[in-house]
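Chains V and F, in that order, are what the protein sequence lines are. All residue numbers for the first sequence refer to my numbering, where the first residue is 912 and numbers rise by one. All residue numbers for the second sequence refer to my numbering, where the first residue is 912 and numbers rise by one.
If you are wondering where the hints come from, they were derived from the structure by calculation, not from laboratory data. Hints are supplied without guarantee of correctness; some may be wrong.
Remember, identical chains collapse to one label, so a pair may be satisfied in a single copy or spanning two.
What the hints assert, rightly or not - The calculated DSS-like cross-link candidates involving lysine-lysine, where the alpha carbons are at most 25 Å apart (straight line), are: (1) LYS1077 - LYS1025; (2) LYS941 - LYS1063; (3) LYS1055 - LYS941; (4) LYS957 - LYS1077; (5) LYS1063 - LYS957; (6) LYS1055 - LYS1025; (7) LYS1077 - LYS941; (8) LYS933 - LYS1077; (9) LYS957 - LYS1025; (10) LYS933 - LYS1063; (11) LYS1033 - LYS1055.
Okay, here's what each chain looks like letter by letter:
There are 2 protein chains.
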Amino acid sequence: MDTRPKIEEKFQAKFMVNFIAKMPVWPDPKDPRLTEHVTGVDQEGKEVGLAVTVERPLTLFLNGREIVTMMTICDYPEYLAIGYLLNQNMLRPDDDIVAIDYDDEIETVVVRTKNETNFEEKLKKKTLTSGCAMGTVFGDVMEKFETVSLNKEATIRTSWMVALFKAINTAPSLYLEAGAIHGCVLCQDDTVLVYMEDVGRHNAVDKIAGYMYLHGIAPHDKIFYTTGRLTSEMVIKTVQMEIPILVSRSGFTAWGVSLARQVGLTLIGRAKGKRFIALSGQERITFDADLDQIDDEPRHVSRKTGKK
Amino acid sequence: MDTRPKIEEKFQAKFMVNFIAKMPVWPDPKDPRLTEHVTGVDQEGKEVGLAVTVERPLTLFLNGREIVTMMTICDYPEYLAIGYLLNQNMLRPDDDIVAIDYDDEIETVVVRTKNETNFEEKLKKKTLTSGCAMGTVFGDVMEKFETVSLNKEATIRTSWMVALFKAINTAPSLYLEAGAIHGCVLCQDDTVLVYMEDVGRHNAVDKIAGYMYLHGIAPHDKIFYTTGRLTSEMVIKTVQMEIPILVSRSGFTAWGVSLARQVGLTLIGRAKGKRFIALSGQERITFDADLDQIDDEPRHVSRKTGKK
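Put together the whole structure using the sequences plus the hints.
Structural data, given as structure tokens:
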């Protein structure tokens, strides 16, 4: 049985569109459903105990159609479902969502729309011809990508970055608790609005996309932070969400850079402590931090794989 | 135009089944197709140049059916195609592969089998009922998972681990060249056999699976090393490949641990330098390394995101 307060109850509305969200949202590493304690041995054969993140399968349906089974920590299945469908371009902003039904016993979430979606139409045609439609999603997504126009007035200050990285890295999180997890953070100026974690970085992004959509949060003045790499997929999702600035602790791929430049996304990578490299959209950066007065990221908050 | 020597020519055989592979296979970070030089600015606004990994879309077809579009560095599209299909349980060892056609201009790889595969049959039924079949793959994979029996006699020595980690971390690689990439390594005893890299860790695994299948390499005495996290998916793939020992630099998820224990896979995580934690199948480990005589991993080879 799912004992979480129903999102509907939390926000006193059947759906969350146009209702003001309670922000900031921080990770809740103490939620007992999210980690498990296990024991094993170390390099000397000595018994050791540690906390590990719990991942669960979640099968997503759009109306009567099974879309995908995802592995997720399942803290926000409704946001994940909506964000996934939006970022895959399977759901469009004008589709009228009438229900999001999560059932934790059978591990499913069903998104229902008033009318059949454009994606379902396409899928129907597709399955009659060459089969599975997952491959077509890519083309659709690229088509939308080319039509997005990002806010040119948005800005990011290097002093904000220093403050954000510190806030994100020192906040209690599943990462600090158990490791092996990605984080994504929606920010405005030097402030964290929504910090989501998940076993896959795409789930974390999708949860934020779902949150923004359901609470009607404007993307144009936001900054998106991720612990994951700046691949083409990450760039495409950020652009789909119409957020003008993407920042990551991790590195770049060439296509990620090329797509970001094509659409004028500000792309900042290898961002830790006071350091970063920007490879696209540098004109949105204001260099106002006094770097000599700021220390490098201390080693104990350094986000490494495999160490707490 | 694809200027790489055709795999067929390299191995003097139409297909590579039962032909001895040239091992070890190491990354080729100097291959000009795999990285690109870009310039940007750092935290002080100073111009900086760096190498970034190139990712390309590759659309996979099984006979006439479009399966998926993957983002890959595309160094071994044929191995990737076969490994993906095997690990998704879309292709079974008894399916008779008659061609693997890679076309770099239209970015497709087509795997052709003599007869229609069981997966295609299922897909046909599925599309007539509830639509896209990607969701069904999960159930099929779990079904196979439960039937695998891993070699109980396989062993891993702590001294081998020390040697392997050193060899892997100091070998020239795309990771050291450009970062933002995952690595997977097939090992035997203290020796590296096949080291593959890719933008997604699953691609790197799949390329090794394809390599093993096409060259008829036995899995039962091998060790699988990955830079990625030990999630359920990673455990399932290793078990599908029938490799009894899985080692990672990164951390664990609870379901990864639980699946490994269920099937008796040796699961070693947070493995760096001389340190590790084993959470399943400890009986295959021989603690023979003299740890006092071995240094910790030097910081410069430490695999961090975002730093060379």
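Practice prompt. May I ask which of the numbered hints given earlier this structure violates, with the numbers listed in increasing order?
Written response: 1, 2, 3, 9 and 10
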